[in-house]
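Novice: So you can see what is in the structure, the chains are spelled out below.
2 protein chains.
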Amino acid sequence: MSETLVDKIYEYIHEDIISLRLQPGQRLHIAHLAEHYEVGPGPIREALSRLTSTELVTTISQRGFRVMPFSQIDLRDIYQTRAHIEAIALTISIEKGNDEWEADIIGSYHRLAKFESEHPIKNTEDYQAWEMRHRGFNLALINACDLKHLLRIQQHLYTLTERYRRQWLLAGIKHSKGLHYAKEQKKIMDAVLARDVSLASKLLHEHFKNAVKVIELYFQENNMFN
Amino acid sequence: MSETLVDKIYEYIHEDIISLRLQPGQRLHIAHLAEHYEVGPGPIREALSRLTSTELVTTISQRGFRVMPFSQIDLRDIYQTRAHIEAIALTISIEKGNDEWEADIIGSYHRLAKFESEHPIKNTEDYQAWEMRHRGFNLALINACDLKHLLRIQQHLYTLTERYRRQWLLAGIKHSKGLHYAKEQKKIMDAVLARDVSLASKLLHEHFKNAVKVIELYFQENNMFN
DNA sequence: TTTAAATAAAATATATATTTTATTTTACAA
DNA sequence: TTGTAAAATAAAATATATATTTTATTTAAA
Chain X
4 MSETLVDKIY
14 EYIHEDIISL
24 RLQPGQRLHI
34 AHLAEHYEVG
44 PGPIREALSR
54 LTSTELVTTI
64 SQRGFRVMPF
74 SQIDLRDIYQ
84 TRAHIEAIAL
94 TISIEKGNDE
104 WEADIIGSYH
114 RLAKFESEHP
124 IKNTEDYQAW
134 EMRHRGFNLA
144 LINACDLKHL
154 LRIQQHLYTL
164 TERYRRQWLL
174 AGIKHSKGLH
184 YAKEQKKIMD
194 AVLARDVSLA
204 SKLLHEHFKN
214 AVKVIELYFQ
224 ENNMFN
Chain Z
4 MSETLVDKIY
14 EYIHEDIISL
24 RLQPGQRLHI
34 AHLAEHYEVG
44 PGPIREALSR
54 LTSTELVTTI
64 SQRGFRVMPF
74 SQIDLRDIYQ
84 TRAHIEAIAL
94 TISIEKGNDE
104 WEADIIGSYH
114 RLAKFESEHP
124 IKNTEDYQAW
134 EMRHRGFNLA
144 LINACDLKHL
154 LRIQQHLYTL
164 TERYRRQWLL
174 AGIKHSKGLH
184 YAKEQKKIMD
194 AVLARDVSLA
204 SKLLHEHFKN
214 AVKVIELYFQ
224 ENNMFN
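Protein chains in written order, with the numbering used here: chain X, 4 to 229; chain Z, 4 to 229.
Since the hints were derived computationally from the structure, they do not count as laboratory data. Quick caveat: nothing in here was measured; it's all calculated off a predicted structure. Treat the hints loosely; a few may be bogus.
Pairs count within a copy or across copies, as identical chains cannot be separated in the list.
[Unchecked claim] Mimicking DSS-like on lysine-lysine, the simulated pairs with C-alpha atoms at most 27 Å apart in a straight line are:
#1 Lys190 x Lys212
#2 Lys151 x Lys216
#3 Lys205 x Lys99
#4 Lys99 x Lys216
Using the sequences plus the hints, can you model the full thing?
Specialist: See the structure below:
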């Protein structure tokens, strides 16, 4: 019921990092943040310390904290790891999934696809709304996997890819003629619902490989890696 | 160079939990720990807060921290997840591994097997020494996997299984007539060095299934689950 | 220019105040 | 009595303000 101050600050900063309001690589001065969030330095420090174990924040002893910078190596590593882990989760999910699970997949796909076709992403709010549906569909696919640690790891990795995706999508608005993203998702969904493990797994890996390729290209062209 | 107080306290408490000096389920009073480690409450709180994200400590807002209790569900979940993740890491490692990697595997296996044959584990120090070699061999197998996030996740899960293994091994001393553990490891090593991915993977899964079985049995018989 | 000292800025730790939760005591009713 | 609820007290967690330590920056000397 009564959340702790540290918990709130943690959530605020987490959200600020994911949303890129706090820029990758940026220093996180405790005194500044304390003033900004109107709390003492203690809770700020503790929240940052916890964020460190999510890899959204780095720290060097006695030299303070900073937002984890963008990195080409991390981008590849995270997406590849995610591909492997999600393939397992998906395999288990397909084995165990029931009608309820199928319905959730179809429902969340619909939510995502309809949104994409009706709302070109023109600003942060649009992105936020899209991202919610994107995560929802992604989770629905693997949600029948009963290994809670595996799902937790997947969610963590998903979160780590979010900043890259957001940067790419929001900056790429000008070029893009709407997302054709859901087409790939549709294929994956169909394979999953047909309980075709190896096809679903293959499509998933391809999907991630494509994601890395386009994001990487954008980041390189715009010198976004540090 | 200059480690922070929080870092030291974090290491101390981590070590105390893994070694079972701090018992599963036990409450972690900040004032007591502060007195024990001779520091203020701040660093204690921050260290506990960080340990929370490793799942070695749980917390409820305004009600303090406690050592994560033993749980049958977790035991299974962690080992199963570990099996899947280690199978992937092993697959990649076998693909990428070079001579150096092979040598490390053989070396660390020798270190483990020799120790097991010469040192029956009779006390905590023996266990500590064995555990080091056990982790060393385990890591050597997958160390040619170049996905650093995957390895980090694996190390994390390995750490989560350590308390269960230690409790089981140390309490089981009376029954056991030395470890015949290394026999299973030998088979896995041979499959790995023969670059037989599917056999290695299969043996790994079996190995973990056996581990869960014996540990689970011991915990049930002795009512060690909470 | 380079090096050393002095100053400033920032991180980190502490002691203590505040808030929340747990326990005990007291009052009242069955 | 015996049980229940309210009040009082104690204990513990959490937050703050501030002191200390460490690192970064500037100034002065060689």
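Novice: Which of the numbered hints above does this structure break?
Specialist: none
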